[in-house]
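Novice: Protein chains in written order, with my numbering: chain H, 1 to 357; chain U, 1 to 306; chain X, 1 to 263.
Simulated from the structure, these hints should not be mistaken for lab results. In this text, a Cβ means the ideal position worked out from N, Cα and C, and glycines have one as well.
Computed footprint of chain H on chain X; a stretch qualifies when at least three of its residues, placed anywhere within it, have a C-beta under 8 angstroms from a C-beta of chain H: (1) 76-87; (2) 94-102.
Have a look at the derived ranges for each label pair, beta carbon to beta carbon: (3) U/F63 with H/E294: 22 to 30 angstroms; (4) H/T252 with U/R96: 20 to 28 angstroms; (5) H/K164 with U/P224: 31 to 39 angstroms; (6) H/L21 with X/S101: 30 to 38 angstroms; (7) H/E294 with U/A67: 22 to 30 angstroms; (8) X/E81 with H/L84: 53 to 61 angstroms; (9) U/M193 with X/E196: 36 to 44 angstroms; (10) U/M19 with H/K164: 39 to 47 angstroms; (11) U/H173 with H/L333: 56 to 64 angstroms; (12) U/R191 with H/Y32: 49 to 57 angstroms; (13) U/R96 with H/L122: 33 to 41 angstroms; (14) X/D227 with U/T174: 56 to 64 angstroms.
Next come the chains, spelled out residue by residue.
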Amino acid sequence: MNHNKRNIMLTLAALVVLFGLACFVQAEVDSYIRRIVNLCLIYAIIGLSMNVTNGFAGQFSLGQAGFMAIGAYMVGIFTVPVELRADVFYAIPMNPHLVNVYMPLWMALILGGVLAAGIAGLIGTPVLRLRGDYLAIATLGFSEIIRIIITNATSITNGALGIKNIPPLNDVRYIFLATAISYVLITLLLNSSYGRAFKAIREDEIAAEAMGINLFYHKNLAFMVSAFFAGIGGGLYGALLGTVDPKNFLFTLTYNFLLIIVLGGMGSVTGSMFGAIIVTAGLEYLRVFDEPLELMGVAIPLFRPGLRMVVFSILLMICVLFWRHGIMGTNELTWEKIIHFVKHPLAGFRKKGVQGK
Amino acid sequence: MELFQAIANMTAASFAQHMVNGISLGSLYALIAIGYTMVYGILLMINFAHADIVMMACYFAFFGITAFHIPWYLTFIGTIIATALLGVTIERSAYRPLRDAPKNSVLISAIGASFLLENLANYIFSGRPMNFPEIPFLSSIITVGSIKIQAICLFIPVVTVICLCILLHIVNHTKTGMAMRAVSKDYEIARVMGVNIDNIISITFAIGSALAAVGAIMWGIRYPGITPYLGVMPGLKCFIAAVVGGIGNIKGAVIGGFILGMGEILIVAFFPQFSGYRDAFAFIVLILILFYKPTGLLGEKTTEKV
Amino acid sequence: MIRTVLRTEHVTMQFGGVIAVNDLNIVVKEHEIIALIGPNGAGKTTAFNDITGVYTPTKGRVIYTKTNGQEIDITGKKPSEIAQLGIARTFQNIRLFKDLSVYENVLIAKHLHLKSNFVSATFRLPGYKKEEEAMRADVERLLKEVKLWDVRNEKASSLPYGKQRYLEIVRALATEPQLLLLDEPAAGMNPKETAELTDFIRQIRDRFKLTIFMIEHHMDLVMEISDRIYVLDFGTTIATGDPAAIQNNERVIKAYLGEDEDA
Numbered sequence: 001m002n003h004n005k006r007n008i009m010l011t012l013a014a015l016v017v018l019f020g021l022a023c024f025v026q027a028e029v030d031s032y033i034r035r036i037v038n039l040c041l042i043y044a045i046i047g048l049s050m051n052v053t054n055g056f057a058g059q060f061s062l063g064q065a066g067f068m069a070i071g072a073y074m075v076g077i078f079t080v081p082v083e084l085r086a087d088v089f090y091a092i093p094m095n096p097h098l099v100n101v102y103m104p105l106w107m108a109l110i111l112g113g114v115l116a117a118g119i120a121g122l123i124g125t126p127v128l129r130l131r132g133d134y135l136a137i138a139t140l141g142f143s144e145i146i147r148i149i150i151t152n153a154t155s156i157t158n159g160a161l162g163i164k165n166i167p168p169l170n171d172v173r174y175i176f177l178a179t180a181i182s183y184v185l186i187t188l189l190l191n192s193s194y195g196r197a198f199k200a201i202r203e204d205e206i207a208a209e210a211m212g213i214n215l216f217y218h219k220n221l222a223f224m225v226s227a228f229f230a231g232i233g234g235g236l237y238g239a240l241l242g243t244v245d246p247k248n249f250l251f252t253l254t255y256n257f258l259l260i261i262v263l264g265g266m267g268s269v270t271g272s273m274f275g276a277i278i279v280t281a282g283l284e285y286l287r288v289f290d291e292p293l294e295l296m297g298v299a300i301p302l303f304r305p306g307l308r309m310v311v312f313s314i315l316l317m318i319c320v321l322f323w324r325h326g327i328m329g330t331n332e333l334t335w336e337k338i339i340h341f342v343k344h345p346l347a348g349f350r351k352k353g354v355q356g357k
Numbered sequence: 001m002e003l004f005q006a007i008a009n010m011t012a013a014s015f016a017q018h019m020v021n022g023i024s025l026g027s028l029y030a031l032i033a034i035g036y037t038m039v040y041g042i043l044l045m046i047n048f049a050h051a052d053i054v055m056m057a058c059y060f061a062f063f064g065i066t067a068f069h070i071p072w073y074l075t076f077i078g079t080i081i082a083t084a085l086l087g088v089t090i091e092r093s094a095y096r097p098l099r100d101a102p103k104n105s106v107l108i109s110a111i112g113a114s115f116l117l118e119n120l121a122n123y124i125f126s127g128r129p130m131n132f133p134e135i136p137f138l139s140s141i142i143t144v145g146s147i148k149i150q151a152i153c154l155f156i157p158v159v160t161v162i163c164l165c166i167l168l169h170i171v172n173h174t175k176t177g178m179a180m181r182a183v184s185k186d187y188e189i190a191r192v193m194g195v196n197i198d199n200i201i202s203i204t205f206a207i208g209s210a211l212a213a214v215g216a217i218m219w220g221i222r223y224p225g226i227t228p229y230l231g232v233m234p235g236l237k238c239f240i241a242a243v244v245g246g247i248g249n250i251k252g253a254v255i256g257g258f259i260l261g262m263g264e265i266l267i268v269a270f271f272p273q274f275s276g277y278r279d280a281f282a283f284i285v286l287i288l289i290l291f292y293k294p295t296g297l298l299g300e301k302t303t304e305k306v
Numbered sequence: 001m002i003r004t005v006l007r008t009e010h011v012t013m014q015f016g017g018v019i020a021v022n023d024l025n026i027v028v029k030e031h032e033i034i035a036l037i038g039p040n041g042a043g044k045t046t047a048f049n050d051i052t053g054v055y056t057p058t059k060g061r062v063i064y065t066k067t068n069g070q071e072i073d074i075t076g077k078k079p080s081e082i083a084q085l086g087i088a089r090t091f092q093n094i095r096l097f098k099d100l101s102v103y104e105n106v107l108i109a110k111h112l113h114l115k116s117n118f119v120s121a122t123f124r125l126p127g128y129k130k131e132e133e134a135m136r137a138d139v140e141r142l143l144k145e146v147k148l149w150d151v152r153n154e155k156a157s158s159l160p161y162g163k164q165r166y167l168e169i170v171r172a173l174a175t176e177p178q179l180l181l182l183d184e185p186a187a188g189m190n191p192k193e194t195a196e197l198t199d200f201i202r203q204i205r206d207r208f209k210l211t212i213f214m215i216e217h218h219m220d221l222v223m224e225i226s227d228r229i230y231v232l233d234f235g236t237t238i239a240t241g242d243p244a245a246i247q248n249n250e251r252v253i254k255a256y257l258g259e260d261e262d263a
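Only chain H is shown next, with the shape it has when bound in the complex (with noise of 0.2 angstroms):
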């Protein structure tokens, strides 16, 4: 117990702490940067809430574009000025029901999460009966349908035009708080006993059922948990575009998310915050390979547009074919571990030279 709130304590000061240098990156550090901290953070949020699908509960869903175009709309029609609606809708008007609603953007990101967690609901009765590879083209498939119905539903979505004129949100501290909320939110109910029922569905359906866990409820529980956060992220994603399309939610999209709880660790919080620095910062290191490059005068002809996917994905290959477990496997980084490397920074390595002799 003792233990417990002095790590409750130090998580606040942890976050009082980023949250400084969040107002320091919004204050100081110029707008190219800004950007990519702000994905990062998005990111985090999006590979946090497949997580605990894929990681978690063991469900391979590959539906997260789907519900991030869910958030990200809701963001794109309620919160364009209700002036600039007309210019947007220029091809076919609005619906008139709608024309006139506007919400500030919080409230469209939260309307756009229970709306995900709803439709996700509604998928998950037949779709989590199926299991691994099965669920995946499931998921996939109604990530294609939800974009399909944005797609076609022009007097609300604009259709494939897109909407444009999304008031940009370029706020590293909105987002971070919004990060550091869902953060909190996904680790409390990972850790109690319904994270604990996620686990056991993970490890071991036939056992876990055999022990009273209702898995429907829980499979739906973690979809919807999931959506719900991913509806958010879309919605924020949105906003910091300023601009939403059908286009920017392909079911490709799942894949940098499927790379940063990959790459983090299946199974592991702390692991996705990884996960999405390192595939976010890497993603736009790796433009570089986009560039055309000149070494000594010679133009090296490999690098032009789209070297920079054909890496991405190598390192995807490699990551799954030789590290399968990431950087933390199912594990976290814990306080008690990092306090541990402070006491005995070379503890590690000692224990080691022991065995050695």
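We have chain H; now place chains U and X onto it with these hints.
Specialist: Only chains U and X this time, still in chain H's reference frame:
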């Protein structure tokens, strides 16, 4: 009833036109679905990269004819061989190392392989759509009465049936085919009985990819715009076709392919207002079949051992 | 009169053309230890799966009596519902939550009694906190009692085989069952371990007021501990009675002839 009205408004000629389109699309789906079902039957995994094997085959044929000026018939043979090799290579590098790994890792590896092929194609061939070259006679339009049919549409079903007959002969009447069936029935027992599993898996990938190449060439002639992502949607639909027919069952995959191909065309024909949803049709069929007959139309029932 | 805890009525299970269990009629009474024996492939585990909801019997009913005396038909109910009603089980090929700790394995088994919903759990509302503390206290007591407390932080899969068997039983006990089904608890154990297990089963029966129904191949265990025995062969019950009667039953001897008892 809108449906009846739609049918009533349709002339016999346009009906025939839709049927031809449906049958040719169904045949293409069938050819590609066979590759999914064979791999699933043996390795119990979705070969996500299969869709991109189709795409690569299109590019092979495209470059063979346009860049290297190889006669089209030789190009087609070369394409089939190259594609089969590509399939085997993917199996060896992305799937074989994970033979004893958890299923989810294999699934991720398959997704990764698919993603890599798409990005590679995008990088090498650029994302701009390219026009599949016109093939003498096959690309031409035949007019029968008021129906206009591309000649390839008549060949697609014929080629599909020939391929299917050859495949069924191999599977049912050769030693290799027997070994394939044994591996898909019980992997461990087949191994103990001295079947060279790795060889059989390679052969399966080679056959599946070769059929995909045949499908891809005809796809290219029929729908000439080729892009690095052209395989994605057909790929998903063909996997669904395999599930609908009963995964692991070759004839089932063909039936599933026809159901999806025909269904898609007929929906657009009868309900033009829903044509925006044509890609959603396959997924709805998938959900329905998994709900009502999860083992597919021709699949066998299996229960997990407790 | 002693209460009947479980009763199967004409339970039959058919897989395609194979009849795995044929017209099974079993009665298990309160506080009894009942054994189900028979050669390999006789349909014993299938019978267990029919009772615990893994399979739904093709024919027949499974009737269970709750501690308050209420009889319910549990045929075709979900395994989780059946566990919640007070039937816990172990598996023939140990099914622990392998990558989780010993402590978590047992704690998870307490989840079925949780009344707080997930919102209350996420926000750690007082109601949930109280329940969580009670669950943890229970698990601590249980693990100390069976001497697994010292290894509580080990991964379940890292325990020696014999301990894993015990852990599986303890996990089942944590669901606070009335009826415990053990599927070959002594499989792979040597005579000394089997003797210890025999004592253990008796102890937990008395300590937790359990009724026990088990499948077992070790005849010394079965004969020593069982109040009554049912013998299955090719899905059909060929004999039932107390250990002495079974040992002298012609049909049972014939069914086992040439069979390795420890197989």
